Amino acid sequence: MSLSSIIAILSLVTQLSTLKILKDKNPLIIPNSWTPILEGKVDIADRKKYYVCLSYFKDSQTKEEKLAYLSSPVRFNCANKLEKNFEFIIPKLNNVTFKIVKEENTAEISFINKGKFEQVYIPFLNIPLSLWSKDETFDSEVLASEKVKRRFPGVLVLPQEKSDRKNELMGELTDRYSKGNTKVCHDFNSKCVETMAFECDQCRYGWFSVVGRGCEEGTRKFCGVDRCGHKNEPACQRGFIHKRLKSKNDVCSPESSTAYCKNGLQLMCNSQKVLVCI
Amino acid sequence: MKKNHIVILFLFIIGIGTFFAFFNGQNVPDTKVQAGAGVVSFEKVLDQISRTWMSGASQLEQATVKKCTKEEIPNTFYQCNPDFLKCALQDKVLHGYRINLSKHGKEFKIYSKSEESDGNWPDYALLVELKNIEDPKLSREILLTDECRSLYLPRRVYHYGKLTQKWNWDNFDRHIFVDKHVVTNRDIREWVDQTEVKNIKFNESELHLPSLYLTSEQMENFCRYRGKKVLKAEVFDAISILPFDNAVVDRAQEFNSIVPWSRKEQSVSKAWQKIKKDPCKKAVSSECKLEEKELAHFRNPSWTGHYMVMGGYLEYMVNMIHPRRNLKVSSMYFERLSPWFRLGERAFWDGDGFSFRNFNWRGEDPLKEFRNFGVTFRCMKEQYYHESF
Chain Z
35 MSLSSIIAIL SLVTQLSTLK ILKDKNPLII PNSWTPILEG KVDIADRKKY
85 YVCLSYFKDS QTKEEKLAYL SSPVRFNCAN KLEKNFEFII PKLNNVTFKI
135 VKEENTAEIS FINKGKFEQV YIPFLNIPLS LWSKDETFDS EVLASEKVKR
185 RFPGVLVLPQ EKSDRKNELM GELTDRYSKG NTKVCHDFNS KCVETMAFEC
235 DQCRYGWFSV VGRGCEEGTR KFCGVDRCGH KNEPACQRGF IHKRLKSKND
285 VCSPESSTAY CKNGLQLMCN SQKVLVCI
Chain F
2 MKKNHIVILF LFIIGIGTFF AFFNGQNVPD TKVQAGAGVV SFEKVLDQIS
52 RTWMSGASQL EQATVKKCTK EEIPNTFYQC NPDFLKCALQ DKVLHGYRIN
102 LSKHGKEFKI YSKSEESDGN WPDYALLVEL KNIEDPKLSR EILLTDECRS
152 LYLPRRVYHY GKLTQKWNWD NFDRHIFVDK HVVTNRDIRE WVDQTEVKNI
202 KFNESELHLP SLYLTSEQME NFCRYRGKKV LKAEVFDAIS ILPFDNAVVD
252 RAQEFNSIVP WSRKEQSVSK AWQKIKKDPC KKAVSSECKL EEKELAHFRN
302 PSWTGHYMVM GGYLEYMVNM IHPRRNLKVS SMYFERLSPW FRLGERAFWD
352 GDGFSFRNFN WRGEDPLKEF RNFGVTFRCM KEQYYHESF
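Chains as they are written, first to last, in our numbering: chain Z, 35 to 312; chain F, 2 to 390.
Quick caveat, the hints were computed from the structure, so don't treat them as lab data. Incorrect hints may appear among the rest.
To be verified - Heads up, incomplete: computed chain Z residues facing chain F, CB under 8 Å, no partners named:
1. 70
2. 191
3. 192
4. 210
5. 214
6. 218
7. 222
8. 226
9. 232
10. 233
11. 239
12. 240
13. 274
14. 302
15. 303
Unchecked claim - Straight-line Cα separation of at most 27 Å, DSSO-like style, residue types lysine-lysine; simulated pairs:
16. 68/F - 213/Z
17. 265/Z - 167/F
18. 217/Z - 230/F
19. 167/F - 110/F
20. 163/F - 296/Z
21. 275/F - 290/F
22. 202/F - 230/F
23. 148/Z - 213/Z
24. 87/F - 45/F
25. 265/F - 275/F
26. 71/F - 296/Z
27. 163/F - 138/F
28. 296/Z - 230/F
29. 230/F - 265/Z
30. 67/F - 87/F
31. 202/F - 107/F
32. 132/F - 163/F
33. 67/F - 110/F
34. 148/Z - 97/Z
35. 282/F - 271/F
36. 265/Z - 296/Z
These figures come from a predicted structure and were not determined experimentally. We put the beta carbon where it would ideally sit given N, CA and C, even for glycine.
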């Protein structure tokens, strides 16, 4: 496997839309097993998510080291993949080290390949610089946001491979909460535990929040055109301070100041604990 | 120890030290590749495109500036502007990549989530093709998102309406972005070209000027194409009324700013009297020159950096709190001492037409020479993050 091939394949990680850096120094190597050193998620054009993994293996007896790369449409445990499932493996390496060079927004992998000391820099073209400070997973709605500065402001590099599959964007222009045909895209239960992760970036015509649970953790959201305040539609958000002024039980009541309706309409708490305008 | 032995020992120590120094220096690799020369060139292209897209004409050579811009039009118009980018970069070769914006017979291709069948794109983005002239396999496509147009609304408690109104709200549980300036004819032409929407009136020869003849429904449709919605009245007040105290964000303070440039004035006439220099630099009224009126939408930024929150053109906004107060009226149709030149005051527009009878001026009519009007608008967006930045 030539170095240029390695680089070409590894540069696929530049399209990562979420990235979990497992270690930013040399990973803790567990002998005789694959140690993940980078795993992430790539959003391809058909909205399908591909999971990618870069792993390292060291044989405790022979001291042989290997690097392996895998991408899969199915979420998998990066550490447990069998060798035969990796897309490519660079065998017979020595002294593999891996680190993220935060200032340059790159990953740096060094190793000895056939007696030569080599280093590969993989630039993360779509990953914002500001996100390197935390060792966490970052979701696509953050990376698509206008507040987060990308490495090249305004630029999103597309994957080279695209699919012909149709989109799975949610919602129609005619959907209305009052008709009961809007789709939930982010949800919390009565104990304010998130029961559905934020997926509202998949709403074709935007999304809107509803008020009623009084959760500081967030609001329930639906796909669709925001018609808050209109008759039979959810009331408009008035803000967090207003939620905190009342106990959670008082949030969903006609006297609530946490939401408002179009002039002339009244607030009402419906059976789904949503403040609507009637 | 004999002298010879000392010398030998000394040389041995030097030798050992040199040996270890040599091996410590072995951190320098034999091959140090920045992910391939191809990627380095690609990064340079991205950097140059990003700068041109975000900075407009300010970073280009004179010949391109002369060809692609007009001197009298502020540079903000050319930032994140597909027409400008096409003029500046189409068919140019940068670091081995030829730039192409044209697609499917159109001048350029805009991805709008509301229009596309491909999923998971940003709400609105311009497609650019980068063709590697030596190796076509290294060609790539990128999307350019509009990060120039909107500004973040700081998270705090805000006041809505006139000073006497006690209506507050806050945005601690969401992120709000508001467009810096109103929608232009260029924006509308792009929308019409990309989506083939019908019956849209705009001025094709003055693309830098505001769009003036969309109905309120058409305005909503345009903002939706951009992944946004028409500005709300309470958010307009947030970007125009100076907070009582910038440092205090979580209490409903008294807001007493009646003009966007001062929080102290209680009287509009006194506020104007205190302006030593050209008052048209604070807000454009009927007294101002024609060129100041035309470009009013690129002038007079508020405390948040948003243009034209007072004076200039009429501006429509959605108002659920008081539905018949949906129009910012301070404009070139009134003198600056008119009662309309006061923050929080609004009139009504029916959203359908542009003659005198389509408006309710609440007893304070515009100057007699004006009986037909244009109405501008701008878009806003709310976003959600599960953590703050």
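Checked hints:
1. 70: Hint violated; residue 70/Z Cβ to chain F Cβ min 20 Å, cut 8 Å.
2. 191: Given a least distance of 5 Å, the restraint on residue 191/Z holds.
3. 192: Check passed: Cβ of residue 192/Z comes within 5 Å of chain F, closer than 8 Å.
4. 210: At 15 Å from the nearest chain F Cβ, residue 210/Z fails the 8 Å test, so the hint is violated.
5. 214: Check failed: Cβ of residue 214/Z comes no nearer than 22 Å to chain F, outside 8 Å.
6. 218: Result: violated, 14 Å to nearest chain F Cβ.
7. 222: With Cβ-Cβ at 12 Å, over 8 Å, it is violated.
8. 226: violated (13 Å)
9. 232: holds (6 Å)
10. 233: Check failed: Cβ of residue 233/Z comes no nearer than 11 Å to chain F, outside 8 Å.
11. 239: For residue 239/Z, the interface hint holds, since the closest Cβ of chain F sits about 6 Å away, which is under 8 Å.
12. 240: Hint on residue 240/Z: holds, closest Cβ of chain F at ~7 Å, below 8 Å.
13. 274: holds (4 Å)
14. 302: Hint on residue 302/Z: violated, closest Cβ of chain F at ~16 Å, above 8 Å.
15. 303: violated (19 Å)
16. 68/F - 213/Z: Given pair residue 68/F, residue 213/Z is violated - Cα atoms ~53 Å apart, limit 27 Å.
17. 265/Z - 167/F: Given pair residue 265/Z, residue 167/F holds - Cα atoms ~24 Å apart, limit 27 Å.
18. 217/Z - 230/F: holds (19 Å)
19. 167/F - 110/F: Roughly 47 Å separates the two Cα atoms, so the pair is violated.
20. 163/F - 296/Z: holds (18 Å)
21. 275/F - 290/F: This hinted pair holds, its Cα atoms lying about 21 Å apart.
22. 202/F - 230/F: holds (20 Å)
23. 148/Z - 213/Z: violated (67 Å)
24. 87/F - 45/F: With a Cα-Cα distance of about 19 Å, the restraint between residue 87/F and residue 45/F holds, given a limit of 27 Å.
25. 265/F - 275/F: holds (11 Å)
26. 71/F - 296/Z: violated (44 Å)
27. 163/F - 138/F: violated (61 Å)
28. 296/Z - 230/F: Holds: residue 296/Z and residue 230/F sit about 17 Å apart, inside 27 Å.
29. 230/F - 265/Z: holds (19 Å)
30. 67/F - 87/F: holds (14 Å)
31. 202/F - 107/F: holds (21 Å)
32. 132/F - 163/F: violated (56 Å)
33. 67/F - 110/F: Holds - the C-alpha atoms of residue 110/F and residue 67/F are around 25 Å apart, at most 27 Å.
34. 148/Z - 97/Z: holds (14 Å)
35. 282/F - 271/F: holds (16 Å)
36. 265/Z - 296/Z: Holds - the C-alpha atoms of residue 296/Z and residue 265/Z are around 8 Å apart, at most 27 Å.
In terms of the numbered hints stated before, the structure departs from hints 1, 4, 5, 6, 7, 8, 10, 14, 15, 16, 19, 23, 26, 27, 32, listed from lowest to highest.
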